[in-house]
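For the record, the sequence lines run as chains P and B.
Position 12 of the first sequence, counted from 1, bears residue number 12 in our numbering, the numbering being contiguous throughout.
Whatever position you read off the second sequence (first residue = 1), add 1000 for our numbering.
Keep in mind that a hint or two might mislead.
[As the list claims (entries may be wrong)] SDA-like mimics (lysine to any residue), calculated; alpha carbons at most 20 Å apart, straight line:
no., chain 1, residue 1, chain 2, residue 2
1, B, 1161, P, 43
2, B, 1154, P, 43
3, B, 1156, P, 43
4, B, 1079, B, 1110
5, B, 1161, B, 1140
6, B, 1154, P, 5
7, B, 1161, P, 38
8, B, 1110, B, 1122
9, B, 1161, P, 42
10, B, 1161, P, 6
No wet-lab data here; the hints were simulated from the structure.
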Amino acid sequence: MSLDPRPEITYWVGFSHQTDHYMLEQELELWSQKTGVRIEPAYDGLQIPL
Amino acid sequence: MYFPILRSLTIGFTINPRPCRCLLRSGRPEVCRMNSEVNTRSLTLRGTYSPVQDHIPIHTSPETFSSISTMFPYMVDSKKATGGGDIPSFTWHPFDPSEPFAIPSCGGIKVLPLPVEHGIYFSDGPAIPYMCMGFRIGQLSYISDANRIPEETKRKIEGSKILILDALREVPHGSHFSFDEVPPKRERAHGRRKSL
């Protein structure tokens, strides 16, 4: 699925207990730098200004 | 996840029992999800102290409303409670999944349902996808439970500045996106340039 225009940021939610949040955060940061597509894992207390 | 839409206006997505103006219910009435709804009873209890709020409006698809009515009748009608336990005070507002709807308890804010596939029905015959609801509010699209997004829904998401997507784990799963299946990653796996 591709979206045009692409969202400014995509947050991932609903991780299983097998997920290490900080490792995923690092992986996605590297991936985002490489591709220019911004993805971040969401977290409790995250506030998104609308 | 809770999104403060305005300073004192919170829309909940049925996870934590926090004060909110309404709940948007995505789909499958799993027991774990229903427990989170039951937990919201603490907000509406009438006992020694005044309740945090009088009731909680829940907006959901007709299919989910029907399933909840069957599985947990007391959640819909307090007269059907059989024990002495406290029950939450909800008002139910089924919406048409193909049309935008407004939430009166949230100042008439408009919400566009985003039907997405979330696993399949375990029945004989051809596989029929179970449709779950994501929601778009302004420039934010929220999809908490999905393993495939239909083309028609993709068009409804387009133009969102913020996209929130289900991403369960590394290993594939029958009804949630795995990390390699969430659309941006899937695009990478297929070697396409354009992605989310």
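Quick rundown of the hints versus the structure:
1. B:1161 - P:43: The given pair, whose Cα atoms are some 19 Å apart, holds under the 20 Å limit.
2. B:1154 - P:43: Given that 20 Å is the threshold and the Cα spacing comes to 25 Å, the pair is violated.
3. B:1156 - P:43: violated (26 Å)
4. B:1079 - B:1110: violated (32 Å)
5. B:1161 - B:1140: holds (6 Å)
6. B:1154 - P:5: Holds, because 12 Å separates the two Cα atoms, which is no more than 20 Å.
7. B:1161 - P:38: holds (11 Å)
8. B:1110 - B:1122: violated (34 Å)
9. B:1161 - P:42: Measuring from Cα to Cα gives roughly 15 Å; hence the hint holds.
10. B:1161 - P:6: Measuring from Cα to Cα gives roughly 8 Å; hence the hint holds.
Checked against the numbered hints given earlier, the structure breaks hints 2, 3, 4 and 8 and satisfies all the rest.
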